[in-house]
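**Q** Please model the complete structure; the sequences and the hints are all you need to start from.
Protein chains in written order, with our numbering: chain A, 1 to 314; chain B, 1 to 314; chain C, 1 to 256; chain D, 1 to 256.
Simulated from the structure, these hints should not be mistaken for laboratory data.
Glycine is no exception: its CB is placed at the ideal position from the N, C-alpha and C atoms.
Careful, some of the hints might be misleading.
To be verified - If the Cβ cut is set under 10 Å, some of the chain A residues that face chain C in the computed set are:
(1) T23
(2) F24
(3) E29
(4) R58
(5) R59
(6) P87
(7) R90
(8) L92
(9) E135
(10) G137
(11) I201
(12) G217
(13) N268
(14) F269
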Amino acid sequence: MIKESFTLRGVEFKNRVLVASGTFGYGNEVKELVDVNKLGGICTKSLSWKPRDGNPPRRIVETPSGMLNSIGLANVGVEYFIREKLPYLRTLDTVIIANIAASSIQEYCDVLSLLEQQEGIDGYEINVSCPNVKEGGLSFGTDCSKTREITARLRTLTAKPLIMKLTPNVTHISEFARAVEEAGADAISVINTVIGMAVDIYKKKPKLSTVTGGLSGPAIKPIALAKVYEAAQVVSLPIIGIGGIMTAEDALEFLLVGATAVQVGTANFIDPSAGVKVAEGMRSYAQRFGVSDLGQLVGAMESNKEFSVLQSWL
Amino acid sequence: MIKESFTLRGVEFKNRVLVASGTFGYGNEVKELVDVNKLGGICTKSLSWKPRDGNPPRRIVETPSGMLNSIGLANVGVEYFIREKLPYLRTLDTVIIANIAASSIQEYCDVLSLLEQQEGIDGYEINVSCPNVKEGGLSFGTDCSKTREITARLRTLTAKPLIMKLTPNVTHISEFARAVEEAGADAISVINTVIGMAVDIYKKKPKLSTVTGGLSGPAIKPIALAKVYEAAQVVSLPIIGIGGIMTAEDALEFLLVGATAVQVGTANFIDPSAGVKVAEGMRSYAQRFGVSDLGQLVGAMESNKEFSVLQSWL
Amino acid sequence: MILQHVAPVVSNTLIAEGIFLLTVEAKDIARSVRPGQFVNVRSTDGSLPFLRRPFSVSNTRGDLIDLMFNVVGQGTRMMASRRIGDTLDVLGPLGKPFGFAGNFKTAIMVGGGLGVAPFPILTRQLEEEKKSLLTLLGARSAKHIVAKDLQNTQIATDDGSAGFHGTVVALLESSLQSKALADPKIFGCGPTPMLKALSEFAQRSGIECELSLEGDMACGVGLCQGCPVETSHGSRKYALVCVEGPTFNCHDIILR
Amino acid sequence: MILQHVAPVVSNTLIAEGIFLLTVEAKDIARSVRPGQFVNVRSTDGSLPFLRRPFSVSNTRGDLIDLMFNVVGQGTRMMASRRIGDTLDVLGPLGKPFGFAGNFKTAIMVGGGLGVAPFPILTRQLEEEKKSLLTLLGARSAKHIVAKDLQNTQIATDDGSAGFHGTVVALLESSLQSKALADPKIFGCGPTPMLKALSEFAQRSGIECELSLEGDMACGVGLCQGCPVETSHGSRKYALVCVEGPTFNCHDIILR
Ligand SMILES: Cc1cc2nc3c(=O)[nH]c(=O)nc-3n(C[C@H](O)[C@H](O)[C@H](O)COP(=O)(O)OP(=O)(O)OC[C@H]3O[C@@H](n4cnc5c(N)ncnc54)[C@H](O)[C@@H]3O)c2cc1C
Ligand SMILES: Cc1cc2nc3c(=O)[nH]c(=O)nc-3n(C[C@H](O)[C@H](O)[C@H](O)COP(=O)(O)OP(=O)(O)OC[C@H]3O[C@@H](n4cnc5c(N)ncnc54)[C@H](O)[C@@H]3O)c2cc1C
Ligand SMILES: Cc1cc2nc3c(=O)[nH]c(=O)nc-3n(C[C@H](O)[C@H](O)[C@H](O)COP(=O)(O)O)c2cc1C
Ligand SMILES: Cc1cc2nc3c(=O)[nH]c(=O)nc-3n(C[C@H](O)[C@H](O)[C@H](O)COP(=O)(O)O)c2cc1C
Ligand code: FES
Ligand code: FES
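**A** Take a look at the structure:
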């Protein structure tokens, strides 16, 4: 028997593979196709206070080994979620993480407070890659003090696991990791999508209605690994690695650089059972190489200490 | 006849396609295979004051639609370059840009000053993605004031085109673009490689000897386009777009978002005549769509002004 | 019930210029799919492209499903190169089938380009329900016409190389002017500009009309919110093409 | 002179477990390549992988070149799936051929795994130069041995399923102990650990030795500086495997 589980602030995850916010709906869309109870956890689509229509089409563009999205956080809103989606999620035997998005610090607090009153939510993941309306739309997640403030405010409102989901679109993600650790986060998710764009050279227009969008998929896996590694050098809280994971091998790379668990995102679009297969594959690897507890792999990469993240001349 | 040329501080480039530093050696490696005179220009491998051995192997890792490199700026050094490489470059009928790398501001100045005394160099491209030895190895290119200072110092030393090559590994590349414009740069090259890494899960070691390296190739094209677009919103100096260009279509995307010219990098490894083919393809596009001057395409993307780079909710 | 099959290729034939008919064995999909539903396809050997590609089920025979496609890019090039013995990873049936509501007697199928794809299976069901049929197909030229397993077909080509010289919607207008049909209902499929013209015509003429939309999809199963179409009424601004469509009543959506 | 060919596939045969012999027509390469040189291969249909893959030219016949390869990943899977009529984009000949310097009489070819690949073409040239030949091949097991177009071959297998039970370098040692050879020179090709053992043996025994290295390459033509091997003397710490190798005299490099 291989130990696959891990615990975050008292909540036990049966294995180290979650599905990423925005890539698995509210968990019920593909229940015929996937045994979701075999997942370590489900992160819901980001929830905001009011329902959001999302951006106009076109919202999706395929790129080399990846995709751009500009969904615009289309979601049903927290009240509808509680009424219509949560009852199903409550029946599942897996950890349910509510992901929260907002355009003001107060909205983050309001959504979380309302969710606190409900049964069936095991923890929160906070999407800070949202435009801060007060600051003219600059993302909260690129402002270290705002990110810290959101963390500290939400910490006072819940005793459940509080996971801060960091954006890669900053110079030093380690600064953000340290800030949210100090402000009381239980874990960080690394990374959200990378800003990117694509152009239709015949129409001479951006392919996405919003000009830029978020890049995800295998194209960004090397970037995500470097961000997780950078963060792991400076914080001791658990890191959930995200970015381009398609296979167990990919997930194991994240564990080795320091992730306690991973999330599978874009891969779900190609194979909705990708997350379950990644978990199975990690188990096989452990079996094959005599690893009794997957936790032994976390941060187990040996590396030449002569070289640091910052010193690799190109 | 389609006008393909453009001019930078009096230097005329016969077309808008250059080959990127570090991806075309010193121009003579593939002369049997490619008619280099059909290129708009050649950026040399980064030159430092002394020869550099470069990093230990493994220096190259293939990734989905891209590659990581950690060459360590292996180069022959500026004196050897002048003696052994420049005479050949002088015989070419294309613009020669000397790319300079250094570990101190003084070294940048020394290399440029020595090159100033030579015949045959048409301009300079400054690679600021180098560790600043004084600051414990933090890259110059992620420090806006250092980047500005390098620009200002070099500006005093040359009347030739001075192109600052910016790193994408910063929160707002537009700040760096503005800084170097104010400090007197003639153009910016956007982007250098994106920090990334890959792990060998069997050896439990990083694949690259230096742990992290630089990601290039089609995987980063969406990121590069977004960076060029962001920079183009705030500066009026010409931008040279770089990142994942394999075809003329890719290059045209860069022009449309605001690049005056492009550089072809990693594509040369797969097809050393990629640059020449990109230039030909741009000509065909212009012919087909009745564009008499490729310059008309620069920044010609129409976009919905309602959305800015920073506001795309994900 | 959505199913995932590693489906063996049974045949793959060039049936018109750049157009292939690919038949794969996918029993459970073949047995349950209804007209207007689609499958989401990827290669099983890891070759490009990255995302799945949606294709209408064109027809079924026993355990087999037919896909009819135009070679336009990486995904359809991969599909065109599939030979007997290769496999294709197929997810489906997906989406909402064509709506048969209303007491119509005549079904007018209007297809633009590869919009003809779902008509063979639709024809079969309409015949079972004893409807009169009229099929109007628009194509760039005679070489691009595929009219297999259809009934009472009229052609329009952009270049006039076959049938009516003009768009298929213009052909529809002129057909209906020359001869009124008893209790008609339109079933349209094709590129968005054509569907928009068709929808406007239907609403102007007061004819019921179901449309099957194309559009960019990432998942095809409602996970990504990537496939919005504007709704014309109700509290939500957008509906999802992959799960609430691809077929819609023309009154319910706004095409742009 | 480096050339780029879109080379038609003439045959592609499984010749041992997981090992293929792929023959393509590439006239100018076939006419100019010398033993130890390699070609850099990619698919012409845009299927994966991203970078080219280097392969020794195994033999030539007229305008044809043979590549012998092991299916280990994306690139070799793509190559294995190539059928007659498909094409392969081939760049070559690349690198420095095996050095023939020295007055040797007997050539001992020592190959580990697919290190045997360049030996057929090397054998031909050594025969032309009237050398005595000894070929030692190491493989995991009997199923992985390819010994076509070679002379005077001895086998070593890791599992003892054929020939000597042990490494090919151990076989070499025991061969030379039992029978001294007149003026020998070693030509080695295979994985780095084997070449390292071979190089140490050669230097210990004072036998001249040329090695052909494997290693990660991005360009294969000297553009990227991606393929360093440590040098044992001189002012430069590294040499480039793609242009200064892949063959080196064992005295000139340090293997790790
Ligand atoms: C529900 C649904 C059902 C569909 N059913 C069918 C069907 O039965 N048969 C069928 O052939 N297609 C059908 N399509 C369209 C089909 O999915 C696309 O043609 C396919 O995804 C193209 O994939 P690709 O990888 O070959 O091209 P891509 O690489 O995705 O596209 C190549 C390029 O061509 C452009 N492009 C795409 N289509 C066209 C076009 N028609 N004309 C010009 N440029 C184009 C793209 O924007 C892109 O730039 C359907 C789409 C949907 C949403
Ligand atoms: C100059 C030169 C000449 C060469 N000549 C030949 C030749 O003639 N025949 C030949 O078969 N090969 C030869 N090689 C090696 C060949 O280039 C590689 O096997 C090939 O690039 C693998 O490509 P791939 O895409 O199939 O595997 P990749 O996808 O690149 O590799 C798949 C995975 O397997 C690992 N891997 C690669 N090779 C092996 C291995 N042997 N055993 C275990 N794991 C491995 C890789 O690290 C990777 O993780 C040569 C290499 C060089 C540099
Ligand atoms: C279509 C799409 C929608 C997404 N929506 C959200 C979201 O609502 N909230 C969030 O925190 N992250 C969202 N993400 C980001 C993913 O959760 C994940 O961080 C990112 O895609 C990188 O992982 P991947 O490469 O495995 O997809 C979304 C990603 C995609 C592709
Ligand atoms: C192997 C390799 C070596 C490089 N060396 C340099 C260099 O010496 N100096 C520099 O400014 N950029 C260097 N670059 C960066 C490229 O010039 C280019 O900015 C980057 O690769 C992105 O473009 P691409 O995706 O087209 O390769 C190097 C890139 C690669 C892949
Ligand atoms: S394509 Fe993903 S929700 Fe419709
Ligand atoms: S592989 Fe590029 S220099 Fe050798």
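**Q** Can you list which hints this structure breaks, lowest number first?
**A** 6, 7, 8, 9, 10, 11
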